[in-house]
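Peer 1: Read top to bottom, the protein sequences are chains A and B.
Taken in order, the first sequence gives residues 1 to 248; the numbers are from this note's numbering.
Taken in order, the second sequence gives residues 1001 to 1228; the numbers are from this note's numbering.
Do not take every clue at face value.
Unchecked claim - Some chain A residues close to chain B (C-beta under 7 angstroms, calculated; not the full set): (1) Gly59; (2) Gln63; (3) Ala136; (4) Ile137; (5) Pro159; (6) Ile162; (7) Gly163; (8) Arg176; (9) Gly177; (10) Glu178.
Unchecked claim - Below 27 angstroms or equal to it, Euclidean Cα-Cα: the simulated BS3-like pairs (lysine-lysine) are: (11) B:Lys1013 to A:Lys160; (12) A:Lys113 to B:Lys1079; (13) A:Lys97 to A:Lys197; (14) A:Lys198 to B:Lys1078; (15) A:Lys160 to B:Lys1069; (16) A:Lys124 to B:Lys1013.
Stated by the list, open to error - Between beta-carbon pairs, the in silico distance windows are: (17) A:Val222 to B:Gly1213: 56 to 62 angstroms; (18) A:Lys124 to B:Asn1042: 30 to 36 angstroms; (19) A:Lys110 to B:Ala1131: 49 to 55 angstroms; (20) A:Ser233 to B:Pro1172: 41 to 47 angstroms; (21) A:Lys124 to B:Phe1076: 23 to 29 angstroms; (22) B:Met1001 to A:Trp154: 22 to 28 angstroms; (23) A:Met206 to B:Thr1057: 31 to 37 angstroms; (24) B:Phe1076 to A:Glu238: 43 to 49 angstroms; (25) A:Ser225 to B:Gly1213: 23 to 29 angstroms.
Since the hints were derived computationally from the structure, they do not count as laboratory data.
Idealized CB from N, CA, C, for every residue including glycine.
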Amino acid sequence: MKKISVSLLLNLLLPIQVFAADLTVSAAASLTNAFKEMAPIFEKQNPGTKVRLNFAASGPLLQQIIRGAPVDVFASADQETMTQAQQAGFVKADDQKIFASNTLVVIVPKGGKQNPTELSDLTKSQFQKIAIGLPAIVPVGRYTKSALEKQNLWTTLEPKMIGTQSVRQALDYVARGEVDAGFVYSTDAAITPNEVKKAFIVPTEMPILYPIAPIKGSQNDVIASKFIAFVGSTQGSEILKSYGFGKP
Amino acid sequence: MDEAWIALRLTLKVAGVATVINMLLGVGIAYLFARKQFVGKNVGDAILTLPMVLPPTVLGYYLLVLLGKHGPIGYFLKKYFDINLIFTWQGAVIAASMVSFPLVFKAARAAFESLEPQYEQAARVLGVSDAAIFFRVTLPLAWRGILAGVLLSFARSAGEFGATLMVAGSIPGKTQTLSVAVYEAVQAGQDEMANFLVLLISVVCMTVLLVSGKLVPGRVASGVHDHG
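All chains, full assembly: derive it from the sequences and hints.
Peer 2: Have a look at this one:
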């Protein structure tokens, strides 16, 4: 019994598993499913490499990097966040590569009676609560805000907005029927087709593009470039396409 | 910094209401556990203590599933009372009081159980009713121990984060409490706001601790011996 507990203790103290290279990739929440599918394929092609994926809204990911998180690759859901990373001195301008595009959509809970067809429909009283990524930290929130501002609807709709910590939380609230509508990417809407219904596409002023870049000073810069190349490869593009991402 | 003061007011409101609920329920249920024997007492104690031990995300998920539109409780409340708790400050109150309930319950139970039985017995011999014994004998003897639990419960409620964020969301002025506001300020890189908020929270918590130290000197439930 004593022996068992000692070996158990030793096991707990040992690192989980040692790989030749641990590549930490911080990626926008909307990339969750696509990157999770890519990681094991990339690991197989590069024996000894372990990809550690870290998903959140692009804003918090940037804050982690700025505060010194050991991140090797950063994939953001908008150019603005990547530019902020560049201004803070964490990525080089020429290292950035756009690898995918997306569209903004309004979704409603499936089985509901509401069928909005344009943004102004959301001002109706049937829409009491609308989920939106917090514009201060979530790119999809910023895209939404500027699209609504362009049609002079932001101030009208703001009181109905339920701010979320990432695009996926907005998706979850719509899927659970806790809100009457939500703004997400078309790729998110496609994740839970049984719970949410795509109502209409929201035109955005700027195209929704995903930049990816290695973080300056990364100890795994070689494998980081390899991963970025893999994301942009035919194989990577196929996976992105299968989740509904567009070409850059 | 207006946002911070609004968040503070909301935090005090949520924690205050949660604490009142805990005080009434916690003291009542603790008295039952301390004085009565019944089947499933240990399991009951474990279930009531669980929310404090569970990860806040687990509790948040439970609440979201139970209180949500399609959840058993949420559906019932919506259908018969037109009450919706998700994304409301009342939802935050429920999250906060679930998490901090065990602090009142445990403290009150310990306080009741450590009372010497002869005072209650003497009152009973004198023909005092059960309710009068509780309010005039038991409660005055146990109040210090209970108060310590109540103050801790207030502090814990004011600091609730995980379950609150999941159930009540982060709506400024409506459900955005101080702890949620700090999280958001840090996420957005608003260091100035974050610094101000953490200072504010530290001052509030320090005040609670100092007040509880004044009101409850020495060990919990030591009031018993003062009278003995």
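Peer 1: Against the earlier hints, flag every one the structure doesn't satisfy and list their numbers going up.
Peer 2: Violated: hints 5, 13, 16, 18 and 25.
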